[in-house]
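Asker: Spelled out, the chains give:
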Amino acid sequence: MNLKNLGRTARRNLVTYSMVIAAYIIIQVLAAMDLLSNSLSGQLIPICAYVIMAVSLNLTVGVLGELSLGHAGFMSVGAFSSAFFSVAVGDALPTPVTLVLAFAIGMIAAGVFGVLIGIPVLRLQGDYLAIVTLAFGEIIKNLLNAFYIGVDSTGFHVSMKDATALKMDETGRIIIKGAQGITGVNRMSTFTIGFVLVVLTLIIVLNLIKSRTGRAIMSIRDNRIAAESVGINVTKYKLIAFTVSAALAGLAGSLYAHSLATVVAKKFDYNTSILILVFVVVGGMGNIRGSVIAAAVLTVLPELLRSFADYRMLVYAIVLILMMLFKQSPQIKNFCRGIGERLRLGSLFHRRKAENSSSGKEG
Amino acid sequence: MKKFLSLVLAGCMALSLAACGSSSSSTANSTSTVDGSASTGTGTTAAIKIGGIGPLTGTAATYGQAVRNGAEIAIAEINAKGGMQYEFEFQDDEGDAEKAVNAYNNLKDWGMQALMGTVTSTPCIAVAADAVEDNMFLLTPSGSAEDCIANPNAFRMCFSDPEQGELSAEYIAENGLATKIAIIYDSSDVYSTGIHDAFVTKAAEVGLEVVCDEQFTSDSNKDFSAQVSKAQSSGAELLFLPIYYNEASLILTRMDAVGYDPIVFGCDGMDGLVTVENFDTSLAEGVMLMTPFTAAATDDMTVAFVTAYEEAYGEAPNQFAADAYDAIYAIDAAITAAGVTADMDYSAICDALMTSMTEIELDGLTGKAITWDASGAPTKTPAVYVIENGIYVAA
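Chains A and B, in that order, give the protein sequences.
Under the working numbering, the first residue of the first sequence carries the number 1, and numbering increases by one thereafter.
Under the working numbering, the first residue of the second sequence carries the number 1, and numbering increases by one thereafter.
One should not assume that every hint holds.
What the hints assert, rightly or not - Part of the chain A face toward chain B, derived, beta carbon under 8 Å: (1) S37; (2) G42; (3) Q43; (4) D162; (5) G172; (6) R187; (7) L260; (8) T262; (9) K267; (10) R306; (11) D310.
Unchecked claim - Straight-line Cα separation of at most 25 Å, BS3-like style, residue types lysine-lysine; simulated pairs: (12) K161(A) with K202(B); (13) K167(A) with K180(B); (14) K81(B) with K161(A); (15) K161(A) with K230(B); (16) K222(B) with K161(A).
Please keep in mind that the hints were generated in silico from the structure rather than gathered at the bench.
Every residue gets a Cβ at the ideal spot worked out from N, C-alpha and C, and that includes glycine.
Work the whole structure out from these sequences, hints included.
Answerer: Listed below in structure tokens is the structure:
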């Protein structure tokens, strides 16, 4: 394969894939050499989950151009449905089968919610859409907080009141316990599974962007009226982007739920939605590679700052602000571009230079 | 000017990155601060490293801070005696399961040999799953959900939520306080629903009649007029409030406005009622609460603890601080009984402590002659207090 013959986008995507694979290999080598701290190895699965979240939200925010403030809601749907499945199944199926089914269920459930919420919400635009997604995120959280589901010899029992209202016989066990969520989740997630899912997410999102559908979605972002005038079905393409984004968030939720012994609805609140949005904004809207890096760095950062003790979150906020300032600073941009160009080789360098001067846009 | 600014900013960033990058030096720092504040005795013998996890930031921060403070006082006292020496390091989990696991792994990197934590239930369940895999000894001061101590290596200092509900129902029935009970509880809160569910089940067994069972959620905890009027019209003689003191103060204010005056009975979450700002504390008169600890108690041990706590932190300790204080003493007692030394690894220490925890008997702030069984739950008697003239009097 000759790099020169690949298109600009393909080359950029190749860098993204290689970066993720390289990171995986480095971590595995470090782990094999026993050089990985407990602190970092414990964060690997959450990092994968947040990377998937950031990439999927970038599809809505960066590619579709609609601000969504309820992305954690889809994550919670995926987390709860998959964890519910794996807890209900227990040891009845072999672990890999349970795992694949649970993740598929999490993804499908979140996708279905994406469609259901997308149909009314995507009629709105801009600020209105943002506020309604925020409300939906909170609604999902509060609904999950109120559900009690148990299983006994006669089947499933559902209640919205309390555990005693389930009226189960003595074989009964409660799976979802209202505000206490689901406990006793089988911790099946591993870093390798997380890595595979991250690559899968990248394949789905990057190919979607590159496809005809992706171009239609971006045309809606850039100019809705013009897109409509050339016959693009705006609602359909918006819904496609929104649903894929929701389904991937469900996948991230499934991965996350199976990395901890307990899932509670409270975790997937407004703050988590904003956190994911911060990853996307810091990484750059529409920049998938940026989302991956930002999600990984900003997940590890609070842990690295533990030595600041009480001032940890303050320092975190300051570092975040500095990052944004630096990203916007023209000097820094030029500096990075200069380094990038010096590193580039021969013909590639010339070609890139020509492209840069014609488009004037850094990818 | 711009160049200068960016230089300064770059300097700041480089500094902050450098500071967080070197984890080995940072742990050394934190250890030495703990040494400086905690160990006043002989510093020559090797110390056993005890980790603590709890929320220092976020909505539950007061609990985590109280636990850290209480534990630090206990560590300082034990180290001052000159026997077994301890180092204590407390990490923030923001009340979140994921962050708690991060904090746990961070403490493992520090070299933790036993864990006193975590403070709240959900993070505790998540950490317990890791702790049982590693075989790390875990004693939670205040994780009151049942699942916290499901594993054999996990023990608890406080009552569980269901236990509080059952003990309350038993106490009310045995002392003949009332037969018709009304309940108002927070259905979005694990603590409140845990007590409520067990109370309702036990009430039926001991012959109490729940005539009114009303709920609210953390999103609707400002106006209680509907719940109070339902409780009033149900003719209940006793209002059971398994909730925290802030909501309780609003309910009491509302009850006063409509002239409803039943016996009010609460659990340990009610501790703090008389300190609520802008609350007419005369309304709290006659409120009964079942709590294992109160700063108003007059025994020598409590007085000494409260004095030391107020001197160090400028506020009165709450039940979480007392639980943590007792938890550290329990670990110390178990370590002494098992003959654990500082050079043992955490798995060996855990094996030793799992046996010795069931053999010790602790006279602590939150109960006398506390014992543990293999399930990890403590056996202690709760005390019931009545608020009279703004102070707690044993009922």
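Asker: Tell me, in ascending order, the numbers of any earlier hints that this structure violates.
Answerer: 5, 14
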